[in-house]
Each structure stands twice: as structure tokens, then as C-alpha cells.
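**Student:** Please build the complete structure, drawing on both the sequences and the hints.
Chains as they are written, first to last, in the numbering used here: chain H, -19 to 96; chain A, 267 to 377.
A hint or two may mislead.
[Unchecked claim] 30 angstroms max Cα-Cα, derived DSS-like pairs, lysine-lysine:
{"hint": "1", "chain 1": "A", "residue 1": "Lys322", "chain 2": "A", "residue 2": "Lys268"}
{"hint": "2", "chain 1": "A", "residue 1": "Lys308", "chain 2": "A", "residue 2": "Lys376"}
{"hint": "3", "chain 1": "A", "residue 1": "Lys308", "chain 2": "A", "residue 2": "Lys322"}
{"hint": "4", "chain 1": "H", "residue 1": "Lys(-6)", "chain 2": "H", "residue 2": "Lys37"}
{"hint": "5", "chain 1": "H", "residue 1": "Lys(-9)", "chain 2": "H", "residue 2": "Lys51"}
{"hint": "6", "chain 1": "A", "residue 1": "Lys308", "chain 2": "H", "residue 2": "Lys37"}
{"hint": "7", "chain 1": "H", "residue 1": "Lys(-6)", "chain 2": "A", "residue 2": "Lys333"}
{"hint": "8", "chain 1": "A", "residue 1": "Lys322", "chain 2": "A", "residue 2": "Lys333"}
{"hint": "9", "chain 1": "H", "residue 1": "Lys37", "chain 2": "A", "residue 2": "Lys333"}
{"hint": "10", "chain 1": "H", "residue 1": "Lys37", "chain 2": "H", "residue 2": "Lys51"}
{"hint": "11", "chain 1": "H", "residue 1": "Lys(-9)", "chain 2": "A", "residue 2": "Lys308"}
{"hint": "12", "chain 1": "A", "residue 1": "Lys376", "chain 2": "A", "residue 2": "Lys322"}
{"hint": "13", "chain 1": "A", "residue 1": "Lys333", "chain 2": "A", "residue 2": "Lys268"}
{"hint": "14", "chain 1": "H", "residue 1": "Lys37", "chain 2": "H", "residue 2": "Lys(-9)"}
{"hint": "15", "chain 1": "A", "residue 1": "Lys268", "chain 2": "A", "residue 2": "Lys308"}
{"hint": "16", "chain 1": "A", "residue 1": "Lys308", "chain 2": "H", "residue 2": "Lys51"}
{"hint": "17", "chain 1": "H", "residue 1": "Lys37", "chain 2": "A", "residue 2": "Lys268"}
[Claimed, not checked] Ranges of calculated distance between the beta carbons of each label pair, as one might list FRET restraints:
{"hint": "18", "chain 1": "A", "residue 1": "Lys376", "chain 2": "H", "residue 2": "Ser46", "range": "41 to 51 angstroms"}
{"hint": "19", "chain 1": "A", "residue 1": "Gln346", "chain 2": "H", "residue 2": "Leu19", "range": "21 to 31 angstroms"}
{"hint": "20", "chain 1": "H", "residue 1": "Leu41", "chain 2": "A", "residue 2": "Tyr317", "range": "22 to 32 angstroms"}
I should point out that these hints are in silico values taken from the structure, not numbers from a laboratory.
Since this is a predicted model, take the numbers as computed values, not measurements.
In this text, a Cβ means the ideal position worked out from N, Cα and C, and glycines have one as well.
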Amino acid sequence: DTGVSQNPRHKITKRGQNVTFRCDPISEHNRLYWYRQTLGQGPEFLTYFQNEAQLEKSRLLSDRFSAERPKGSFSTLEIQRTEQGDSAMYLCASSSYWGGGQETQYFGPGTRLLVL
Amino acid sequence: QKEVEQNSGPLSVPEGAIASLNCTYSDRGSQSFFWYRQYSGKSPELIMSIYSNGDKEDGRFTAQLNKASQYVSLLIRDSQPSDSATYLCAVSMEYGNKLVFGAGTILRVKS
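**Tutor:** Written out as C-alpha cells, the structure reads:
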């Protein structure tokens, strides 16, 4: 069990560019979550997948954001036409949840995005 | 009103003392409660989870839940300088769902 991994760990981009982040969950975890965290705040939910199905997307999430988990394993989060307000730490978490009980989410190291 | 509220701190305690961190939540139907520790520049690390009213102990950590008062707390006994971090309270409105986080409480343990 190697933990959740995220790549890249840091990304600097210019406003208007597109960026894509990757998350590899803990092996055999069926759920994968994306959160965003800005300085001085707790993580904020963006979206989550159960296997390859995207089950919920935050109402706060702009249509510039899209996420996929095509084979139910790794996931990608793409931000199109980045804005300075997108600068944040993007966190991925995974869990093993099969219904009817408790779920524990384990976080990856995050991708820190800076939009200039 | 924020869904999950925490005192931002910083909370300063001397080494060896008990640190008490508090959290209130707004949704009375919330089912799952978590405490995560986050060091500066790092990602959240799970410390404790609690699902039923009462206390749950794990080593130096005790989580307390009072659903009637919509209140969760974390006690850290024998605080160490390495406990200095931001402590995030997270709540899930139903089993198997997204987490809603508070803004975190900064804890400083002075040696």
C-alpha cells in the first residue's frame, strides 16, 4: 500500500493556460475525491468518483473544471483558461467504501498550483 | 453560518499539557466526524474518526462527540512540540459522502 500519489507536485502557469493534474489512489480503493484548499482555509470539496462514475460535483465548480476517472483507477482534473483565483492546493483523497457504514478518506500530497 | 466552525487560534500550550480543540457543526443529521492534522505545506493526515456519542481514545488522542450539542472535540494529552500543526475538523453529512471541513485551528506547543 503505497498511499495516494499526485502529479505534478507543483505547477506554475500563466493566466489563460490549461493545466491537468493526475491522482493515483490507493490500490483497490473504489472512491476518489478531489478537494481544493486555499491559504488559511480547510479543503473544499470539488467532485468525487465511485469507480469510473462521477457521482457528485460541487455547485461552486466552474465549467472550466473537468475531472475524469476513465478506468476506475487514476483520475485527472483539468482546469481550462486558468485564472489567478484558481491558485490553490489541489488535493486528492481515496477510500474503500461499499455502502452501509463508515468511510475513511486518505489524502495524497497535493498539487500546488500558482497562476501568474 | 459556516457548516463547520473552529476557532482559528493559535492555541498555545506548554509541552506536556493537554491541548483541547473544539468544533461545532450545523447539520444535525451529520453522521461521521474526523480530525485531520496538517503540517505547513503538507496534506491532511487522519488522526481520529468518531461516529457515536461519547469518547474515543487512541494513544494520546481522545475525540469526543456530542450530537445533541452538535459539538466535536479533540484532546491531545502530553502535548509535544511535534504536535504543532493545524488541526482540521471534518464532518460528513451522511455515511459515505464528501467531507466538509472547518478552517482549522493552529496549535503551538512550546518547549
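**Student:** Do the beta carbons of lysine 376/A and serine 46/H sit within 41 to 51 angstroms of each other?
**Tutor:** With a Cβ separation near 46 angstroms, lysine 376/A and serine 46/H satisfy 41 to 51 angstroms, so the hint holds.
**Student:** Given the hinted pair lysine 308/A and lysine 376/A, is their alpha-carbon gap at most 30 angstroms?
**Tutor:** 21 angstroms, holds
**Student:** Do the alpha carbons of lysine 37/H and lysine -9/H lie within 30 angstroms of each other, as the hint requires?
**Tutor:** 23 angstroms, holds
**Student:** Holds or violated: lysine -9/H with lysine 308/A, Cα cutoff 30 angstroms?
**Tutor:** 16 angstroms, holds
**Student:** Would the pair lysine 37/H and lysine 51/H pass a check requiring their Cα atoms to be no farther apart than 30 angstroms?
**Tutor:** Holds. Lysine 37/H to lysine 51/H sits at ~19 angstroms (cutoff 30 angstroms).
**Student:** Take a quick look at whether lysine -6/H and lysine 333/A sit within 30 angstroms of each other, Cα to Cα.
**Tutor:** 46 angstroms, violated
**Student:** Is it true that glutamine 346/A and leucine 19/H lie within 21 to 31 angstroms of each other by Cβ?
**Tutor:** The hinted range 21 to 31 angstroms holds for glutamine 346/A and leucine 19/H, with Cβ atoms some 26 angstroms apart.
**Student:** Does lysine 51/H lie within 30 angstroms of lysine 308/A when you go C-alpha to C-alpha?
**Tutor:** Measuring from Cα to Cα gives roughly 28 angstroms; hence the hint holds.
**Student:** Given the hinted pair lysine 37/H and lysine 268/A, is their Cα-Cα distance within 30 angstroms?
**Tutor:** Satisfied, since the Cα-Cα distance of roughly 20 angstroms is no more than 30 angstroms.
**Student:** Sort out whether lysine 37/H lies within 30 angstroms of lysine 308/A, counting only the CA atoms.
**Tutor:** 25 angstroms, holds
**Student:** Below or equal to 30 angstroms on CA atoms is what counts here, so check lysine 333/A against lysine 268/A.
**Tutor:** 17 angstroms, holds
**Student:** The hint says 22 to 32 angstroms between leucine 41/H and tyrosine 317/A; measuring C-beta to C-beta, is that right?
**Tutor:** Check passed, 28 angstroms falls within 22 to 32 angstroms.
In the structure shown, a violation is registered for the earlier hint numbered 7 alone.
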